[in-house]
Each structure stands twice: as structure tokens, then as C-alpha cells.
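Asks: These are the residues of each chain, in order.
Protein chains: 2
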Amino acid sequence: MQDKLNLMIPGPTPVPEKVLQAVGKHPIGHRSKEFQAIVKRTSEQLKWLHQTKNEVLTITGSGTAAMEAAIINTLSRGDKVLCGDNGKFGERWVKVAKAFGLEVEVIKAKWGLPLNSEDFEKVLRQDVNKQIKAVILTHSETSTGVINDLQTISKHVRAHGSAITIVDCVTSLGACSVPMDEWGLDVVASGSQKGYMIPPGLSFIAMSNRAWEAQARSNLPKFYLDLDLYRKTAKKNSNPFTPAVNLYFGLEAALEMMQEEGLTSIFKRHARHRAATQAGMKAIGLPLFAPEENGSPAITAVATKDIDAEILRKNVKENFDILLAGGQDHLKGKIFRVGHLGFVCDRDVLTAIAAIEATLQSLNLLDNEMGAGIAAASKMLQ
Amino acid sequence: MQDKLNLMIPGPTPVPEKVLQAVGKHPIGHRSKEFQAIVKRTSEQLKWLHQTKNEVLTITGSGTAAMEAAIINTLSRGDKVLCGDNGKFGERWVKVAKAFGLEVEVIKAKWGLPLNSEDFEKVLRQDVNKQIKAVILTHSETSTGVINDLQTISKHVRAHGSAITIVDCVTSLGACSVPMDEWGLDVVASGSQKGYMIPPGLSFIAMSNRAWEAQARSNLPKFYLDLDLYRKTAKKNSNPFTPAVNLYFGLEAALEMMQEEGLTSIFKRHARHRAATQAGMKAIGLPLFAPEENGSPAITAVATKDIDAEILRKNVKENFDILLAGGQDHLKGKIFRVGHLGFVCDRDVLTAIAAIEATLQSLNLLDNEMGAGIAAASKMLQ
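Chains H and S, in that order, are what the protein sequence lines are.
So the first sequence is numbered by our numbering: it starts at 1 and just counts up by one.
So the second sequence is numbered by our numbering: it starts at 1 and just counts up by one.
Be a bit skeptical, because a hint or two may be false.
Because identical chains share one entry, a pair is satisfied inside a single copy or across any pair of copies.
With a Cα cut of at most 30 Å, we get these calculated DSS-like pairs of lysine-lysine [said to hold, decoys possible]:
1) K130 - K53
2) K4 - K18
3) K236 - K88
4) K33 - K18
5) K80 - K108
6) K110 - K122
7) K80 - K98
8) K25 - K47
Think of the hints as simulated: they come from the structure by calculation, not from any bench.
Given these sequences and hints, build the entire structure.
Replies: See the structure below:
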């Protein structure tokens with residue numbers, strides 16, 4: 001049905017009507033006092049979301065722009081970095097780091113499993129000459145629905161004493177607690193079309209004092225993503241280059257909604273939706289792709305055994321106007337992913353599970369009794 | 001008056017309601033067939049606007065992102081380039097080129113004057129060893145309201161035989177004819193919040209075959225702005241990273257409106273508005289900052305003699321809800337700029353001139369007879 005699609009993918013995520021209306025407003029001058037007031041307000045709201053005293057800068061660009069900014073602003077050519085890689089976005093970190101001539105040591109985990117924090121501890125402890133300049137990882141690995149133990153890994157980096165922690169929080173920020181200051185994170189990158197509940201086009205980067213010290217040393221060439229320019233203009237509640245003014249309107253509206261709901265409520269809601277989705281899938285008879293205890297609060301990846309996940313997704317979309325995410329790369333057809341990130345309510349989770357269950361039944365692929373998934377999920381939502 | 005502001009600045013420019021409604025639609029998945037259809041259609045529309053057979057790529061980012069992409073994709077560290085600089089955006093080219101370690105020779109003209117094409121001819125002719133890899137310039141210099149003679153300069157670059165032409169067409173594309181193929185331009189960069197009539201956040205880059213050959217040789221580090229990734233995904237009507245989906249909705253709607261109006265009509269309208277603004281300002285008794293024959297079709301810069309341009313701007317905004325642009329850097333307070341770019345009709349031009357005239361009168365600063373500006377502008381609009 002036209003314009004009826006419900007996005008249950010990890011991004012773009014559903015956008016509240018209030019935010020859409022803000023995005024659809026007529027733009028104003030980006031150097032006007034009216035716009036400076038918006039930059040000032042959203043800066044404060046972003047600090048609240050990041051649980052930090054650090055400045056959070058807004059970039060007009062995809063989440064990858066913030067990832068690149070993290071690297072080119074804190075490192076220099078030839079620097080050694082330690083990258084965690086347990087999925088598509090971990091892989092991307094490695095690619096970005098290599099593109100800028102860094103020496104990359106990779107700590108891998110199989111897709112679907114979390115990074116082992118002890119692997120990081122070991123390598124960091126052995127680095128007595130402090131060659132490792134940064135530890136780079138993904139908090140919520142969107143491709144596999146795994147949440148990595150960022151808090152523990154960050155502790156090991158702090159114990160190292162020299163390296164900084166750079167982390168992709170694109171699908172964790174706004175889904176679970178990422179207390180930047182408490183955990184001692186140095187660079188936190190995120191994107192608008194996720195927990196922020198706004199359309200894609202803005203990305204965000206928060207930097208600790210240690211990261212700014214690294215910024216002053218960094219010699220990688222940069223201009224559009226030179227965060228020093230952003231920090232200087234942020235002091236005047238402005239931007240170095242014309243920003244996506246309309247997405248800023250949406251950002252202000254969305255963060256206001258988030259502040260009204262409150263961080264604790266937002267995180268509880270995401271945890272409840274993860275639990276309901278996990279319980280629903282298991283009751284349907286579909287195995288979770290990641291261990292239950294490592295499941296991301298943003299997205300649940302589901303293995304489909306001998307069923308073609310793409311056929312299931314296609315039918316769910318055509319019959320129920322719900323868009324699920326597919327598997328990426330070698331997982332295409334083998335898993336599907338249910339996004340429960342951002343502006344998602346209990347109804348959305350329940351109907352997604354019902355649609356999956358009903359679709360499997362219509363395809364004669366449902367092993368368990370019809371309704372078992374809904375019953376299990378419903379119980380978790382109560 | 002709230003929400004009543006008319007933007008007569010060089011960007012963001014006024015956005016049609018149809019485009020705003022498109023921008024305010026709920027996002028869809030950026031890997032969906034529905035979105036691929038939009039990418040396919042806008043790619044064709046962009047070729048039409050650029051009057052080219054070359055692929056035109058869409059980047060989520062400000063116009064400066066496209067400028068940086070132009071440089072880092074076609075040049076290598078230490079390459080010599082020839083930069084035209086006759087205003088704020090010419091200066092920016094020099095800054096970007098230097099940030100990436102290029103050897104920059106600058107051809108300057110005083111702010112308010114056009115670049116002298118013979119200066120380019122001379123330097124290029126003397127470069128017998130073909131050390132100059134690119135000639136980089138701004139077509140419409142937004143800071144001073146000057147249009148540079150891109151066609152002639154491009155001819156001299158072609159005669160050189162080795163260098164490529166990289167040009168910022170941010171405020172010329174959609175305001176006057178920029179026939180990329182006919183003029184032999186190699187890299188054309190532009191931004192959404194200008195002649196495109198959509199809010200800021202997207203930028204565009206078109207590259208000739210010669211530019212793509214340079215891309216293959218270029219060794220500057222890049223990832224987010226690696227155009228090879230954009231070209232590969234463009235072949236599949238997609239993007240390498242999550243694009244600003246909602247701005248794409250607006251892009252499609254705006255380019256459709258432009259195609260309905262037709263290129264010739266659009267260019268005539270801009271030329272008429274330039275002529276009316278120039279005539280109006282002269283009749284009011286305010287000198288044009290740039291020679292009349294070098295005036296940009298996008299923006300007219302006006303000198304204010306002993307009047308503080310910022311006070312004039314403030315009063316025009318407060319009394320008539322019209323936002324004019326101020327002077328940048330050393331020109332602050334000394335000039336104002338009337339944007340007549342994009343979704344601007346005769347009424348907008350006439351009311352801007354009337355508001356300027358009435359404001360000067362209310363401040364007791366009007367030398368000539370009240371109504372002279374409107375009369376002169378009105379005549380040019382007929």
C-alpha cells in the first residue's frame with residue numbers, strides 16, 4: 001500500500017510526524033540569529049544524549065563521514081591502531097583506517113559473536129612501547145545485531161594509558177546508555193537516521209580533551225572534516241560550512257521528544273523490544289543469529305535455517321508493508337534483521353512478529369503453532 | 001513576522017512548497033527499489049541540468065564537500081595547480097588545495113572584479129613542461145556578485161592540453177548556462193541550496209572522462225569522498241553510504257519543476273532579475289560593487305557608500321521580512337548583496353528593491369526621489 005511502509009530496519013528508522021513537519025519547514029539563513037539559537041540548543045541536547053561535558057559537533061554527512069572525521073582528526077600517517085572487527089561496520093573501520101595509511105592490527109570475532117575484551121587487554125598490555133595510538137571499534141554491530149562490551153574494552157584502553165578509544169555508536173546511541181565521560185570514551189561517532197529519529201544526512205562526533213590533544217598533533221590532510229573548524233564555529237553557535245538546516249530543525253524536535261521521554265525510559269523501551277523480539281523469534285522456531293545476551297538493543301538478527309530470508313522479507317513487505325533488513329554480504333538470504341531502533345512502540349514490535357509468523361504460515365514454513373511468537377513476545381512486553 | 005521571512009540571500013534560497021512537502025515525507029529504505037528509482041531519475045535530471053553526458057554524482061554534504069572531492073579525487077600530493085582567486089570562494093579553493101599539500105599558484109583579481117582570462121592564458125602557455133595539473137576557479141563568485149569568464153578560461157586550459165578544469169558552479173548552475181560538455185569542463189561542483197531550490201545538505205559533482213583518468217592516478221587519501229565508490233554504486237542506482245533520503249525527495253521534485261520551466265526560461269528569468277536589480281540599485285543611487293557587465297545572474301552586490309550596510313540589512317529584515325546578505329570579511333558593513341537565485345519571481349525582486357528604497361527613506365538616507373528604484377527595475381522586468 002502506498003506510503004504505508006513501516007521501517008523495521010536499522011536505518012533510516014521511523015520518523016515522528018512532529019519531526020517530519022519540522023524537516024519540511026522553509027529553511028532559514030544558516031548565519032542568522034534564529035539558526036544560531038537552534039545550534040546552541042541542539043548542542044546542549046546532544047551533550048545530554050551523550051552524557052558528556054564534551055562538545056558534540058554536528059556534521060552534514062552520513063555516519064561514515066563522522067567515522068572518517070574520527071580517524072583523520074586524531075591520527076597521523078603510519079600510526080598504529082587496533083581495530084575490532086566482528087561485522088560489516090567493523091570491516092568499514094579497517095577500510096577507513098587503511099585508506100589513510102594507518103598500520104592496522106585487527107582483533108576479529110566471527111560475525112554473530114561479540115569481540116572478546118580479553119583479546120584487547122592482552123594486546124594492549126603487550127604494547128609496552130605504547131605504539132598503539134587508538135583502539136577503534138563498533139559498539140552495536142548493525143550487520144549482525146551484536147552489542148560489543150565497550151565499557152570493558154574502554155577500561156583496558158585507559159589502563160594502556162596512551163591510546164584513545166574511538167567508537168562507532170551509530171546504532172547504540174539513543175538505544176542504550178553510552179555514558180561517554182563515565183566510560184572514558186574519547187571519540188564517539190553517530191548518525192541521524194538511527195536512535196535520533198530523524199532522516200539521514202547529519203552525523204555527530206563527540207571528542208574528549210585527550211582526543212582534542214591528539215587532534216592538535218594529527219597530520220592527516222583534511223578540510224571539510226577538519227574538526228578544528230567545527231569547534232571554532234561551534235563556539236559561536238555556527239558551522240564552518242552551510243549545514244543541512246532542515247535536518248537541524250528535525251534534530252531539535254527529535255531531541256526535545258527524547259528529553260521528554262527521558263534517557264532511562266528510552267533505554268528500557270529498547271531493552272523491552274529486544275527481549276520481545278528475541279522471545280518471539282525463538283517461539284516461532286527461528287534461531288537468534290547472535291547469542292541472546294549479546295543482542296543489540298537496536299536490532300535483532302535472525303537465522304532462517306533452510307528458509308530463504310529474502311523470500312520471507314519480500315512477502316512481509318508485500319503483504320504487511322513492513323520493511324525488515326536482510327543479511328549483508330555472505331549472510332544475504334541466510335538471516336534477516338528486525339530493527340527496533342528509535343521511534344518504535346510496542347505495537348510495531350508485536351505486528352512485526354505477527355507478520356513474520358503469518359508469512360511463514362502462508363508459505364507453509366511455520367514449524368511451531370501459529371501464535372506462539374506473538375504470545376511469547378507479548379509476555380515480554382507486559 | 002514569524003515564518004514570513006523571504007530569503008534574498010545566495011543560499012539557502014527559497015524552496016517551493018512542492019519541494020518542502022517532498023522533503024517532509026517519511027523516509028524510505030535507501031537500498032529499496034523505490035529509492036533506486038529516485039536515484040535513477042535524479043541522475044538523468046542532473047545530466048540535463050549540467051548539459052552533459054557525464055555521470056553527475058550526488059554527495060551528502062555541503063558544497064565544500066564537493067569542492068574537496070574535486071581536488072582529492074583528481075590530484076596527487078605535490079601537484080601544481082593554478083587557482084583563480086577573486087573573492088571568498090576563490091580563497092576557499094586555495095585553502096582546500098593547500099590543505100591537501102598541492103603547490104598552488106594563484107591568479108588574483110581584486111574583490112569585485114572578474115578574473116582576467118589572459119592571465120590564465122599567459123601562465124598556461126609558459127608551462128611548456130606541463131607542470132600544471134589543474135586550473136581551479138569559481139564561476140559565480142558569491143561573495144562579490146561577479147561572474148568569471150569560465151568559457152574563455154576553459155578554452156585556454158584545453159589549449160594547454162594536459163591540465164584539467166575544476167570549477168565551483170555552486171551559484172551559477174541553474175542560474176545561467178553551464179554547458180559542461182560544450183565548454184570542455186572536467187569537474188563541476190555544485191550545492192543543493194542554490195539554483196536547485198532545495199534545502200542545504202546535498203552537493204553534486206560531475207566529472208569528464210579526463211577527470212576520471214586523473215582519478216585513477218590520484219594518490220591523495222580518501223574514503224567518504226572517494227568518487228570511485230560513488231561511481232560504482234551509481235551504476236546500480238545507489239549510494240556508497242546512507243544518503244540524505246529526504247533531500248533526494250526534494251531534489252527529484254525540484255528538478256521536475258526546473259524541467260517543466262525549461263533551461264532557457266530559467267536562464268532568461270535570472271538574467272532579467274539581475275538586470276532589474278542592477279537598474280533598481282543604480283536608480284536608488286547605490287553603486288554596483290561589480291562592473292555591470294560582470295554581474296552574477298545569482299546575486300547582485302551593492303556598495304553603500306557612507307551608509308552602514310548592516311544597519312540597512314537589519315531594517316529591511318525587521319520592517320519587511322526580507323533577508324539580504326551582508327558583505328563578507330573586509331566588506332562587512334560596506335556592501336550588501338541581493339540574492340536572486342533559484343525560486344525567485346518578479347514580485348520578489350520588485351519587493352526587495354522597494355523595501356531597500358523605503359528603508360533608506362525611513363533612515364533619511366535616500367538621495368534620489370522615492371520610487372526611482374522601483375520604476376527602473378519595473379522597466380527591466382517588462
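Asks: Taking the hints in turn, state whether each one holds.
Replies: Going down the list of hints, with the structure as the test:
| no. | hint | result |
| --- | --- | --- |
| 1 | K130 - K53 | within (28 Å within a copy, 53 Å between copies) |
| 2 | K4 - K18 | both (17 Å within a copy, 20 Å between copies) |
| 3 | K236 - K88 | between (37 Å within a copy, 20 Å between copies) |
| 4 | K33 - K18 | both (23 Å within a copy, 27 Å between copies) |
| 5 | K80 - K108 | within (17 Å within a copy, 42 Å between copies) |
| 6 | K110 - K122 | within (19 Å within a copy, 61 Å between copies) |
| 7 | K80 - K98 | both (10 Å within a copy, 26 Å between copies) |
| 8 | K25 - K47 | both (25 Å within a copy, 28 Å between copies) |
In this structure, none of the earlier numbered hints is contradicted; all agree with it.
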